[in-house]
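**Student:** As a plain string of letters, each chain reads:
Number of protein chains: 2
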Amino acid sequence: MTLPRVVVIGAGFAGLKAVKGLADLPCEVALFDKHNYHLFQPLLYQVATAALSPADIAYPIRRIFRNQQNVIVSMVRVDRIDLKRNFIAIEKSIVGYDYLVIAAGATHSYFGRDDWEQSAPGLKSIDDATAIRKRMLMAFEEAEHEADPDSRRAKLTFIVVGGGPTGVEMAGALREIAAQDIPRDFRSIDTVNTRIILLQGGDRLLPAMHPDLSERARKDLEAMGVEVRVNARVTEIDDRGVNIGAERIECQNVIWAAGVQAAQLTRSLGVPLDKAGRVLVDPDLSIPNFPNAFVVGDAASIIDSRTHLPVPGLAPAAMQMGKFVAEIIHDEILVGHAIERPKFKYRDKGVMATIGKAKAVADLRGWRFGGVFAWLAWSLIHVMFLISHRSRIFVMAGWIWDYVSTSREARLITGPVRARLSRPALYVESEGASTTPKS
Amino acid sequence: MTLPRVVVIGAGFAGLKAVKGLADLPCEVALFDKHNYHLFQPLLYQVATAALSPADIAYPIRRIFRNQQNVIVSMVRVDRIDLKRNFIAIEKSIVGYDYLVIAAGATHSYFGRDDWEQSAPGLKSIDDATAIRKRMLMAFEEAEHEADPDSRRAKLTFIVVGGGPTGVEMAGALREIAAQDIPRDFRSIDTVNTRIILLQGGDRLLPAMHPDLSERARKDLEAMGVEVRVNARVTEIDDRGVNIGAERIECQNVIWAAGVQAAQLTRSLGVPLDKAGRVLVDPDLSIPNFPNAFVVGDAASIIDSRTHLPVPGLAPAAMQMGKFVAEIIHDEILVGHAIERPKFKYRDKGVMATIGKAKAVADLRGWRFGGVFAWLAWSLIHVMFLISHRSRIFVMAGWIWDYVSTSREARLITGPVRARLSRPALYVESEGASTTPKS
Numbered sequence: 001m002t003l004p005r006v007v008v009i010g011a012g013f014a015g016l017k018a019v020k021g022l023a024d025l026p027c028e029v030a031l032f033d034k035h036n037y038h039l040f041q042p043l044l045y046q047v048a049t050a051a052l053s054p055a056d057i058a059y060p061i062r063r064i065f066r067n068q069q070n071v072i073v074s075m076v077r078v079d080r081i082d083l084k085r086n087f088i089a090i091e092k093s094i095v096g097y098d099y100l101v102i103a104a105g106a107t108h109s110y111f112g113r114d115d116w117e118q119s120a121p122g123l124k125s126i127d128d129a130t131a132i133r134k135r136m137l138m139a140f141e142e143a144e145h146e147a148d149p150d151s152r153r154a155k156l157t158f159i160v161v162g163g164g165p166t167g168v169e170m171a172g173a174l175r176e177i178a179a180q181d182i183p184r185d186f187r188s189i190d191t192v193n194t195r196i197i198l199l200q201g202g203d204r205l206l207p208a209m210h211p212d213l214s215e216r217a218r219k220d221l222e223a224m225g226v227e228v229r230v231n232a233r234v235t236e237i238d239d240r241g242v243n244i245g246a247e248r249i250e251c252q253n254v255i256w257a258a259g260v261q262a263a264q265l266t267r268s269l270g271v272p273l274d275k276a277g278r279v280l281v282d283p284d285l286s287i288p289n290f291p292n293a294f295v296v297g298d299a300a301s302i303i304d305s306r307t308h309l310p311v312p313g314l315a316p317a318a319m320q321m322g323k324f325v326a327e328i329i330h331d332e333i334l335v336g337h338a339i340e341r342p343k344f345k346y347r348d349k350g351v352m353a354t355i356g357k358a359k360a361v362a363d364l365r366g367w368r369f370g371g372v373f374a375w376l377a378w379s380l381i382h383v384m385f386l387i388s389h390r391s392r393i394f395v396m397a398g399w400i401w402d403y404v405s406t407s408r409e410a411r412l413i414t415g416p417v418r419a420r421l422s423r424p425a426l427y428v429e430s431e432g433a434s435t436t437p438k439s
Numbered sequence: 001m002t003l004p005r006v007v008v009i010g011a012g013f014a015g016l017k018a019v020k021g022l023a024d025l026p027c028e029v030a031l032f033d034k035h036n037y038h039l040f041q042p043l044l045y046q047v048a049t050a051a052l053s054p055a056d057i058a059y060p061i062r063r064i065f066r067n068q069q070n071v072i073v074s075m076v077r078v079d080r081i082d083l084k085r086n087f088i089a090i091e092k093s094i095v096g097y098d099y100l101v102i103a104a105g106a107t108h109s110y111f112g113r114d115d116w117e118q119s120a121p122g123l124k125s126i127d128d129a130t131a132i133r134k135r136m137l138m139a140f141e142e143a144e145h146e147a148d149p150d151s152r153r154a155k156l157t158f159i160v161v162g163g164g165p166t167g168v169e170m171a172g173a174l175r176e177i178a179a180q181d182i183p184r185d186f187r188s189i190d191t192v193n194t195r196i197i198l199l200q201g202g203d204r205l206l207p208a209m210h211p212d213l214s215e216r217a218r219k220d221l222e223a224m225g226v227e228v229r230v231n232a233r234v235t236e237i238d239d240r241g242v243n244i245g246a247e248r249i250e251c252q253n254v255i256w257a258a259g260v261q262a263a264q265l266t267r268s269l270g271v272p273l274d275k276a277g278r279v280l281v282d283p284d285l286s287i288p289n290f291p292n293a294f295v296v297g298d299a300a301s302i303i304d305s306r307t308h309l310p311v312p313g314l315a316p317a318a319m320q321m322g323k324f325v326a327e328i329i330h331d332e333i334l335v336g337h338a339i340e341r342p343k344f345k346y347r348d349k350g351v352m353a354t355i356g357k358a359k360a361v362a363d364l365r366g367w368r369f370g371g372v373f374a375w376l377a378w379s380l381i382h383v384m385f386l387i388s389h390r391s392r393i394f395v396m397a398g399w400i401w402d403y404v405s406t407s408r409e410a411r412l413i414t415g416p417v418r419a420r421l422s423r424p425a426l427y428v429e430s431e432g433a434s435t436t437p438k439s
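Quick note, the sequences are listed as chains P and D, same order. Going by our numbering, the first sequence opens with residue 1, and the numbers climb by one from there. Going by our numbering, the second sequence opens with residue 1, and the numbers climb by one from there.
FYI, nobody ran anything at the bench for these hints, they're computed from the structure. Be aware that one or more of the hints could be misleading.
When the alpha-carbon atoms are kept at most 30 Å apart in a straight line, the in silico DSSO-like pairs for lysine-lysine are as follows [to be verified]:
1) Lys20(P) x Lys134(D)
2) Lys92(D) x Lys134(P)
3) Lys219(P) x Lys34(P)
4) Lys323(D) x Lys349(D)
5) Lys20(P) x Lys134(P)
6) Lys20(D) x Lys134(P)
7) Lys34(P) x Lys323(D)
8) Lys275(D) x Lys84(D)
9) Lys323(D) x Lys34(D)
10) Lys34(P) x Lys20(P)
11) Lys124(P) x Lys345(D)
12) Lys84(P) x Lys219(P)
13) Lys323(D) x Lys134(D)
14) Lys345(P) x Lys92(P)
15) Lys345(P) x Lys20(P)
16) Lys92(P) x Lys20(D)
17) Lys124(P) x Lys349(P)
18) Lys124(D) x Lys92(D)
19) Lys219(D) x Lys92(D)
20) Lys275(P) x Lys349(P)
21) Lys20(D) x Lys124(D)
22) Lys134(P) x Lys134(D)
23) Lys349(D) x Lys20(D)
24) Lys84(D) x Lys20(D)
25) Lys34(P) x Lys84(D)
26) Lys343(D) x Lys219(D)
27) Lys92(D) x Lys349(D)
28) Lys34(D) x Lys134(P)
29) Lys323(D) x Lys357(D)
30) Lys20(D) x Lys343(D)
31) Lys84(D) x Lys219(D)
32) Lys134(P) x Lys124(D)
33) Lys134(D) x Lys124(P)
Covered, in the sense of this in silico footprint (three residues per stretch, anywhere, with C-beta under 8 Å from a C-beta of chain D), are these stretches of chain P [to be verified]:
34) 22 to 28
35) 369 to 377
Note that the structure is predicted; figures quoted are calculated from it, not measured. Here a beta-carbon is modelled for each residue, glycine too, at the ideal position from N, C-alpha and C.
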C-alpha cells in the first residue's frame with residue numbers, strides 16, 4: 001500500500017509546524033527547503049549587528065526531525081508547482097503529492113526598484129546578515145583610514161529604510177555599536193561623528209502597534225541618538241547616498257527594512273495573488289479550486305474571518321497557520337475523505353519590538369508597556385521560542401554576558417574583502433608623523 | 001619629539017605577543033593584519049567540522065588593544081617591504097619604521113602543485129573552515145539524493161592528506177560526525193558507507209611526537225573507523241579522486257593538511273629563505289644585515305641555539321618569539337641605542353593532538369600519555385589560551401554540552417550553494433513510490 005504523500009515547501013515557522021502536526025500519521029511527509037537549517041528570523045538582526053553567531057539562531061532541519069520517522073528532508077530549491085497535475089518540479093525531477101503545503105516565506109520587495117538592492121541590502125537570510133555585518137564593520141575600518149572629511153562622514157552615516165520592527169531593531173542596535181564598541185576600539189571615530197538615521201515612509205514608527213508605543217519607540221530611539229524621520233519617502237538610492245524628495249543624504253551604508261513580498265515560487269502557481277505576490281487563500285488556507293493545496297505563513301494573504309483584519313506576517317501567525325493546516329490534513333487522511341473544514345482564526349498574542357538595552361515596547365492585546373519590563377518580556381519570549389535547548393541557554397547566557405560587559409564580540413569580517421583605504425590609519429592619528437620613510 | 005615607530009605585520013600568536021610586549025613603552029606601534037580578528041588557529045578544525053562557530057575562536061584585534069594606547073591597528077594587507085629604506089608599502093602609501101616585526105604566518109603549500117588547491121582545500125583561515133564545512137555537509141546532502149552507487153560512494157569518501165596534528169584532528173572529527181550525527185539525521189546514509197581515509201607520506205602519524213604516541217594515535221583512529229595509511233604519497237589530486245602511485249581512490253572530498261609555507265610577503269624581502277619560504281633569521285631573530293627587522297612565528301626559520309633542532313611551527317614557539325623580540329626592542333628603545341642581544345631559546349612545553357571524544361595524545365617533555373587524561377589536558381590548555389573570557393566560558397560550555405548530547409549543531413551550509421542532486425531523496429527512501437505524478 002502506498003501511503004498518502006504530503007509535500008511541504010519551506011522549513012520556516014509555518015512549515016515546521018505543519019510537518020510536526022503530521023507526526024504519527026500514516027503518511028509520507030516530504031519537506032523541501034533551499035537551506036539545510038531552520039532560521040529563527042526574529043533574531044536575525046542580532047547576527048547582522050554582531051551580537052549573535054549564525055549557529056545561535058539557525059538549526060539543522062534534519063536534526064529537528066531526527067525522531068519523526070515519516071519525514072524526508074531535502075535541501076533543494078523547488079522550481080515550479082503544477083497544481084492541476086499535483087506535482088512539484090525540481091530541476092529535471094518531479095515529485096507528486098496528495099497534499100501540498102506551501103510555506104515558502106517572504107523576501108525583500110523594493111517596490112519595483114530592484115536596482116536599489118545592490119546599495120540597500122535587506123535582511124532575510126544568514127548570508128544577508130553576515131553581508132550586512134561585514135559592510136557595517138568595513139565602514140568603520142574604512143572611515144578610520146579616510147582623510148577626506150566628506151567621504152568620512154558618508155562612511156559613518158547609516159540609513160535604515162523602514163520603521164517596522166526590523167527597522168527599529170536594526171537602528172537601535174547600530175546605534176549601540178556606534179556608541180559603545182566603536183569609539184573604544186577605534187582611534188579616530190567618536191560617538192559624535194557616527195549618524196544613524198531611521199526613515200519611515202508613514203507618519204509613525206511601528207504602525208502595527210498603538211500610537212502611544214510608536215511615540216515611545218521614537219523617543220527612546222532619539223534619546224539613544226538615532227535620527228528618526230517620519231513621512232520620509234525614499235525616492236532614490238545609489239552607492240553614494242539616499243534621496244528623500246529634494247533632499248540628499250550622502251551615505252555609504254543603507255539597510256532595507258521597508259517592504260516584503262512572497263517568495264518567487266508563488267508566481268508559478270497561476271492563481272490570483274495580492275500586490276505583494278501572496279496567494280489569496282480561502283478561509284481554510286487552501287488555494288481556491290485546489291482544496292489539496294494550502295499556503296501558510298508569509299506567502300499567504302488572508303483576511304481573518306473574525307476580526308476582518310489581514311493576518312499579519314509574524315511568526316505566531318505562521319505557526320498557527322501551519323498547525324491549522326496540519327490538523328485538516330491529519331483528519332482527512334485518517335477518515336480517508338474530504339471533511340467539512342474549519343475557517344482559520346488568528347489568535348493575536350500581540351506584538352513587540354526591542355529598541356536597545358533594557359528598552360522595548362510591547363502591545364499585548366491592549367496591555368501596552370515599554371522600558372525594561374517590555375525588554376525582559378521580549379528577551380524571554382524570544383529565547384523560549386528558539387528551536388533548541390542549546391540555543392536557548394547559549395543565547396540567553398550570551399545576552400547576559402554582553403549586557404554586563406557592554407561589548408559585542410562577534411565583530412568578524414569574513415568572506416572576500418575589497419577595502420577602500422585612502423591611507424594607513426597611522427597618519428590620521430599621528431599628526432606629526434612624516435609621510436616620507438624614516439631613514 | 002617624534003616617537004620611535006615599531007611596525008608589526010600580522011596579529012597571530014607571535015604578532016600579538018610582540019605588540020603586548022611593547023605596552024607602556026614610549027613608542028608608536030602600528031599593527032597591520034589583513035583580517036580584523038585574531039584567529040585561534042589550533043581550534044580551526046572544530047569550525048570546519050561544525051563543533052564551534054567562527055566567533056568562538058576569532059576575536060576583534062581592536063578589542064584586544066582597546067586599552068593599549070600606543071597601538072594603532074589597521075586592517076590592511078601589506079604589499080611589500082623595503083628593508084634597505086625601512087618602510088612597508090600598502091597600495092599607494094608607505095609607512096616608515098624604526099623597528100619591524102614580521103609575523104605574517106604561514107599558508108598552505110602544495111609542493112609545487114598549486115592546481116591541487118581547487119580540489120583539496122587547506123585549513124588556515126575562517127573562510128577556509130566555513131568552506132570545508134559547507135563542502136562536507138553538501139557531500140552528505142548530495143549523497144542522500146544520489147542514485148548511482150559509485151558516485152554515492154565517492155561523495156561519502158573523505159580523504160585527509162597529511163598526518164600531522166591538523167590531519168589527525170580533522171580525520172577524527174570527520175569520523176565522529178559520520179558516525180554520530182549523519183546516520184541519525186539522514187535516511188539513506190549509514191555509518192558503514194562513509195569512509196574517512198587519512199594519508200600520511202611518512203612512515204608514521206604525528207612525526208613530531210614519540211613513536212609510541214604515533215602508534216597510539218593510529219590505533220585510536222582505526223578503532224574509531226578511520227582508515228590510516230602511512231607511506232602513502234599522493235601523486236595526483238583532481239575533482240574526482242586521489243592517486244597514490246598506481247592506486248586510485250574515487251573521492252569528492254579531499255582536505256589538505258600536508259604542507260605549509262611562509263606567507264607570500266617574505267618573497268618581497270630579497271633575503272635568503274628556506275625551501276618553505278621562511279626567512280633564515282639570525283639567533284636574535286633579526287634578518288641578517290638588518291638588525292632592526294625581525295621575523296617571528298611561522299615565517300621564521302631558525303635552529304635553536306641550545307637543542308640544535310629547528311624551532312617548530314607551533315603556537316607556543318610563536319608566542320615565545322614575539323615576546324623575545326619585544327624585549328629586545330623594549331630595551332633598545334629605553335636605552336636609546338643598540339645593545340648586545342641574547343639568542344632565542346625555545347622552551348619546548350611539549351606537543352599534543354586530540355583524536356576524538358575522550359581521546360588524545362600528549363608528549364610533554366618526555367611525559368607521554370594518551371586517552372582521556374590527554375584529552376582533558378588538551379581541552380583545558382586550549383581553552384586557557386583562548387583570547388577572551390567569553391570564548392573560554394562559551395567554548396568550554398559548548399564542549400561539555402556537545403559531549404553530553406553527542407551532537408554538533410553548527411552544521412550550517414552558508415554562502416552560495418550549487419547542489420548537484422541527481423534526484424529528490426524521496427525516491428531513495430520509498431522504493432515503491434511511483435516517479436510519475438499522482439493524479
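**Student:** Go through the numbered hints given earlier and state which of them the structure violates, listing their numbers in rising order.
**Tutor:** Those not satisfied are hints 3, 5, 7, 11, 12, 13, 14, 16, 19, 25, 26, 27, 29, 31, 34 and 35.
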